[in-house]
Amino acid sequence: MHSMNKNNRLFILFRVLFNCRFYYPIYLVMFLDFGLTISEFATLNLVWAISIILLEVPSGALADQLGRKKLVVISAILMVAEIGILLITPVGSGIVFWMFFINRILSGAAEAAASGADEALAYDSIPIKSRENTWKRTMKNVMIMMSVGFVISSIIGALVYSEEFINGLVSMIGLDITFSKEQTLKFPLFLNFITSIGVLIVALKFEEQHIPKNQKKLHAVKESFSGTLSAGRWILNTPSATVLILIGLFYDSIVRVFYTVLSNVYRVLKIPEWSWGFVGAVASIVGIGVAITCEKMANKFTPTVNFGVVTLLTFLGCLALSAAIPGWGILLLLPMFTSMRFLQYFLSHYLNKVTPSEQRATVLSFKGLTMNLAFGILTQIFGILTAQIYLSGKFDSMIDPELESFKYCLKWWPLYFIVGCLCLHLFIRIKYRRSLTQIIK
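Counting in this note's numbering, the sequence shown runs from -14 upward without gaps.
Hints are not guaranteed to be accurate.
The calculated label-pair distances, taken between Cβ atoms and stated as ranges, are [stated by the list, open to error]: (1) Ile73 - Leu17: 15 to 23 Å; (2) Lys396 - Pro257: 18 to 26 Å; (3) Ser260 - Gly159: 22 to 30 Å; (4) Phe286 - His410: 12 to 20 Å; (5) Leu17 - Leu297: 34 to 42 Å; (6) Phe286 - Glu258: 15 to 23 Å; (7) Pro257 - Met84: 29 to 37 Å; (8) Ser260 - Leu160: 21 to 29 Å; (9) Asp18 - Tyr417: 45 to 53 Å; (10) Tyr417 - Lys114: 28 to 36 Å; (11) Ile162 - Asp18: 15 to 23 Å.
Simulated crosslink set (SDA-like; lysine to any residue; CA at most 25 Å straight-line) [stated by the list, open to error]: (12) Lys255 - Lys426; (13) Lys166 - Leu21; (14) Lys(-9) - Ile113; (15) Lys396 - Lys(-9); (16) Lys281 - His334; (17) Lys281 - Lys426; (18) Lys396 - Arg252.
These are computed hints drawn from the structure, not numbers from a lab.
All residues carry an ideal CB built from backbone N, CA and C; glycine is no exception.
Produce the entire structure from the sequences given, and follow the hints as far as they go.
And the structure:
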């Protein structure tokens, strides 16, 4: 950490505070307890994805045109607003859906504004001679600190959400106070509001290394879309960038859908709700070891080997989901938990390496756009298939037909992954007639 400059240290802190949210272990349940239905939750998830897709690349291009720090500060302000609006939302009221609708748009805008800009701020502040090695250490430290952050936020978030835990704690202290579920429901949000203020403070401390063009804002917006098209052409004409983004959108979409449906996976595996935060914490602790391993692998092995590890881990995770063994089957999901961390590290390392500085924020945002688009499409496909199985009446005789339909659809994950991998591999070999290592290097 001491060998890093100010921007790199701030980047690590920004990523931790921005991403480690106290409500993640009870994400779906929180929506439902506010008074929303599962179908409304799915709609809001789609709104969030569309917001990011529409704003991702323009925000990255604006970061290159107007300055990366401005976009990061805007992202922090939006985070404060997105959490704040949930704190003032009355539980069970008729306006809950629309308050969450606004929250999802603000959240998507915050993600889009931060995506690419924060990473470009940190990467471009490193001297060119030591850039590659320093960035490897930076990403390793990001992963370690985020793992620690997720351990803390997962455990605390799940516990303060629990009405029984809070009232038991208050009783043990000797206070004559009883909290209702409507009150404890917002405790994780209160904690996240505090961290959002921390995100804003960190964002204001960044130093701009990139010199934006001095021009009117309207012209800058036009230039941003021109920059977006330029970045798109550059990606299509640069085999290494094209291949990396294709790899990212395929693997990332699978793993993110896994995280999205994780609460239902826990139910299929018969994992009690109170322990969900601890399961996430264990996965984060494993992530610390993954972070250290990633840096060593990037130094020692080729891109083919490194992404081969991602492929193996993701496939094992898909097999574990299809088997859905109650109880100890949760241990079989560890490969899927770790595959995302390997993927994020290798994508960041190789894509930054092949991207010119003046287009870095735009290209990184383009990466985010494609991955969110793929995630949104795959989420909808999986949701439609699950609904069709449920409506077919195939499991009407079961105690929970909806959960059984969900479990049935999980069995197809390994086949989808195998077909997708083969198509991706054949495309790369036929189009470029080179190995992955030769293309990226």
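Hint-by-hint comparison with the structure:
1. Hint check: Ile73 to Leu17, Cβ distance near 19 Å, so the stated range 15 to 23 Å holds.
2. One distance hint, 18 to 26 Å for the beta-carbon pair Lys396 and Pro257, holds here, with the actual separation near 24 Å.
3. Between Ser260 and Gly159 the C-beta distance comes to about 28 Å, which sits within the given range of 22 to 30 Å.
4. Between Phe286 and His410, the C-beta spacing of about 18 Å keeps the proposed range 12 to 20 Å intact.
5. The hinted range of 34 to 42 Å is satisfied by Leu17 and Leu297, whose Cβ atoms lie roughly 36 Å apart.
6. Range check, Phe286 to Glu258: Cβ separation about 40 Å, and the 15 to 23 Å hint is violated.
7. Judged by the Cβ atoms, the range 29 to 37 Å given for Pro257 and Met84 holds: they are separated by roughly 30 Å.
8. Restraint check, Ser260 to Leu160: a C-beta distance of roughly 27 Å satisfies the suggested window 21 to 29 Å.
9. Under the hint 45 to 53 Å, the C-beta atoms of Asp18 and Tyr417, about 50 Å apart, fit the expected range.
10. At about 30 Å, the beta-carbon gap between Tyr417 and Lys114 stays in the expected band of 28 to 36 Å.
11. Evaluation of the 15 to 23 Å hint for Ile162 and Asp18 yields a pass: the beta carbon distance comes to about 21 Å.
12. Note on Lys255 and Lys426: the hinted pairing is violated, with a Cα-Cα distance of about 46 Å set against a maximum of 25 Å.
13. The hinted pair formed by Lys166 and Leu21 meets the criterion: a straight-line CA distance of about 15 Å does not exceed 25 Å.
14. About 16 Å separates the Cα atoms of Lys(-9) and Ile113, which keeps this hinted pair within 25 Å; it holds.
15. The straight-line distance between the Cα atoms of Lys396 and Lys(-9) is roughly 47 Å, outside the 25 Å bound, and the hint therefore fails.
16. A distance of roughly 12 Å separates the Cα atoms of Lys281 and His334; the hinted pair therefore holds under the 25 Å criterion.
17. At roughly 18 Å between alpha-carbon atoms, Lys281 and Lys426 fall within 25 Å of each other, so this suggested pair holds.
18. Using a Cα cut-off of 25 Å, the hinted pair Lys396 and Arg252 holds, with the two alpha carbons roughly 16 Å apart.
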